[in-house]
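Asker: Here are the chains, one letter per residue:
Protein chains: 2
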Amino acid sequence: MGIVVQKYGGSSVADATSVKRVAQRIVATRKAGHDVVVVVSAMGDTTDELIDLANEVSPLPTARELDMLLTAGERISMAVLAMAIGNLGQEARSFTGSQAGVITDAEHGRAKIIDVTPGRIQKALEEGAIAIVAGFQGVSQTTKDITTLGRGGSDTTAVALATALGADVCEIYSDVDGIFTADPRIVSDARQIPRISYEETLEMAANGAKILHLRCVEYARRNDMPIHVRSSFSDKPGTWVVKAEDANTFNSSTGSGDASDSEERPMEQAIISGVAHDRSEAKVTVVGVPDKVGYAGSILRALGDAQINIDMIVQNVSAATTALTDISFTLPHTDGQRAMTALARLKDEVGFERLQYNDSVGKVSIVGAGMRSAPGITATFFEALADAGVNIEMISTSEIRISVVVAENQVDAAVNAAHAAFELGTDEVEAVVYGGTGR
Amino acid sequence: MGIVVQKYGGSSVADATSVKRVAQRIVATRKAGHDVVVVVSAMGDTTDELIDLANEVSPLPTARELDMLLTAGERISMAVLAMAIGNLGQEARSFTGSQAGVITDAEHGRAKIIDVTPGRIQKALEEGAIAIVAGFQGVSQTTKDITTLGRGGSDTTAVALATALGADVCEIYSDVDGIFTADPRIVSDARQIPRISYEETLEMAANGAKILHLRCVEYARRNDMPIHVRSSFSDKPGTWVVKAEDANTFNSSTGSGDASDSEERPMEQAIISGVAHDRSEAKVTVVGVPDKVGYAGSILRALGDAQINIDMIVQNVSAATTALTDISFTLPHTDGQRAMTALARLKDEVGFERLQYNDSVGKVSIVGAGMRSAPGITATFFEALADAGVNIEMISTSEIRISVVVAENQVDAAVNAAHAAFELGTDEVEAVVYGGTGR
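First to last, the sequence lines map onto chains A and B. Start counting the first sequence at 733; every next residue gets the next number (this note's numbering). Start counting the second sequence at 733; every next residue gets the next number (this note's numbering).
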């Protein structure tokens, strides 16, 4: 039997009781014959509490020291988890990111993994121990300082370790059963997706589904590492994230207990895999931009220089009589103020008329590899929105996704309309368990 | 100006406010022209809280994982302290024990320092930064695992680093002003000692004075590193712990601000430096041991095999008519049950009559290098005790110390009697600040 990497998030190890429950699951996997490597996040709200402490002594703590501080969180959870496993009679050894060989660049707070050299983990496995690894952290190749990968980085740690160890699967545990066709809090008949491709998962994650971190999926896609997204509160199979050609036919060969009895995806692949939504963005419109070469570039350069990540960009067709155009884009709420400031400085240079800011918007996206070969998808989507009385403010598409920006108070209606139009629901309504915000 | 190592205990960095206060003190030392290395303990009760957490998941956590867990405490305090210093405009970089080059053996929970290779600390100092180092922790030379030095180990870290860096002084900060002639909570006119030798400090520490850890003083003595024991709550000079020949004439050459104006010790050295007391021990008597060669050895071997540290040992002169003797010894309360169990197993082999256990005892010691050349010290001590109505149960002596075991409810009377007999008090009663249990 091969190596299984399991990652448990903060809500799965929130207190001593949760830690003991997780320990039992880990020991069960070990007893099923697998070599087990566990990546763990900080317990519950530890990270937030440490950030609060930092802010008490300094309004702008240095990134190096903030990383040193935050990594204490995983140090606690991994040691406690190792003890809980030891108490069940199985040897477990905890390792910091540095000890586990997670080598990064020196960008504190958002370090990128350069290399993984898991010699000590392999030795622990060879000696029969379960290895517990601190998620979210590494050590800089150049400065030897402790780094963190940024929020949600533990998922990336897990996939990176799974890849370096040649694991059969990377299991990502949270308090959610898997990836759903839509948020079950909005769509009552939302269905858990048994298998989905990396590409679709990336589009889902990038467009508001909060289950997996983008970087983690990207890392898995590049290295073809299957991810099994599942709940630490149940033994039900979750969602397998695999390469596109396996998304229909993939069958687990890891023998990880319950994977073999997960249902096959229907032979005829669904056109649309799911509906994602995102309320975290705002829309900015630069009104009355002279429709000349280079002006759009100036605007985007100004936003880039201000370190603002913009998402969708739309430039209206200019009316020939005025030679003026409008440029709209979306960006995270949190960057709104900075973007408006940066753009206001450009007013004289570019000569636009005015700026509009609207944070009462939401983005609704349909994602599916099937839409590549299925004509009429956009029409079906837009007709469904129209029938539900939803007005479309912006449109953006990729090869496997169509996104629209709508008024925030129409997001729920739009998600339900799209979910129904593409027949994503279950036949009978199941009691789905979903708790992205903790339970 | 040279290097100053400062060590701050948990009570000095109990919360954000304390951390900011300590940061100001550190920055002031830096601005006075010193290179500053700070060793810090975990904040307030963090270590106890982490131990509680460990016990929640496992009644007997493995030593390796307990060390991993506990070292999170200093990781938090050192990063927060570095941030607080940064907020005052001075660069500070925190380092774990491992990063600071504190190399130990692999004895988790009570590791011994083998070597200190502070290359990264020296580099930080050369680059103008203040170095903050996690106390209490190191890394095993053989296993590369994280180790801890045991309770109070941060003092030892500080002295070891001071030695390796060739520092001018190791300042140990706590909530106490220094070393006193007796516990001011018991003796109202107890006086702060300006200078004291390593040897006297060792005897004081070994016999109940709780200010410095034995290992730390021993390390300083071996390497002739002056220790300045002082309060982080005031700028008053504290107690200098130095080699015996300097205890009279020593004058700080570190220029550490207030050291130069500390009063000289009187030219004629006091015979007795201080009175220490200890209520943490119990007395065990093995009654009716056959007075034959080897029986005392068997008893001590049994205790040694049970890993029990005994302190005083007294064997009564045997009465020739019975050929039986009594052996009494003292040991920590906490080892009492194990000692009694180990001894009970010997009953048939050795053939003693019975065991007596008494934990209502206390030890009172007078310590002073001067007693080497002053006759009559023992007589003065014992007469004072007799005058105070204190009964002596056991006696033990070293070259610079006389200890007696008395009933626990007579400890205060005995300490006061000894303190007065050797005229250790101040002329006028000062408002001394003392707070060994926190304030």
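These are calculated hints, taken from the structure and not from any lab test. Treat the hints with caution; some may be incorrect.
Which copy? The list can't say, so a pair holds if one copy fits it or any two copies do.
[Unchecked claim] Quick list of in silico lysine-lysine cross-link-like pairs, DSSO-like style, CA-CA up to 27 Å:
| no. | residue 1 | residue 2 |
| --- | --- | --- |
| 1 | Lys968 | Lys752 |
| 2 | Lys855 | Lys876 |
| 3 | Lys1024 | Lys876 |
| 4 | Lys844 | Lys1079 |
Asker: All hints, please: hold or fail.
Answerer: Right, here's what the structure says about each hint:
1. In this assembly of identical chains, the alpha carbons of Lys968 and Lys752 lie at most 27 Å apart only when taken from the same copy (19 Å versus 50 Å across copies).
2. In this homomeric assembly, Lys855 and Lys876 come within 27 Å of each other (Cα to Cα) both inside a single copy, at 23 Å, and across copies, at 13 Å.
3. For the identical chains of this complex, Lys1024 and Lys876 are neighbours neither inside a copy (49 Å) nor across copies (63 Å), given an alpha-carbon limit of 27 Å.
4. Neither within a single protomer nor between protomers do Lys844 and Lys1079 lie at most 27 Å apart by alpha-carbon distance, with minima of 36 Å and 67 Å respectively.
Taken one by one, the earlier hints fail for this structure at numbers 3, 4, listed in ascending order.
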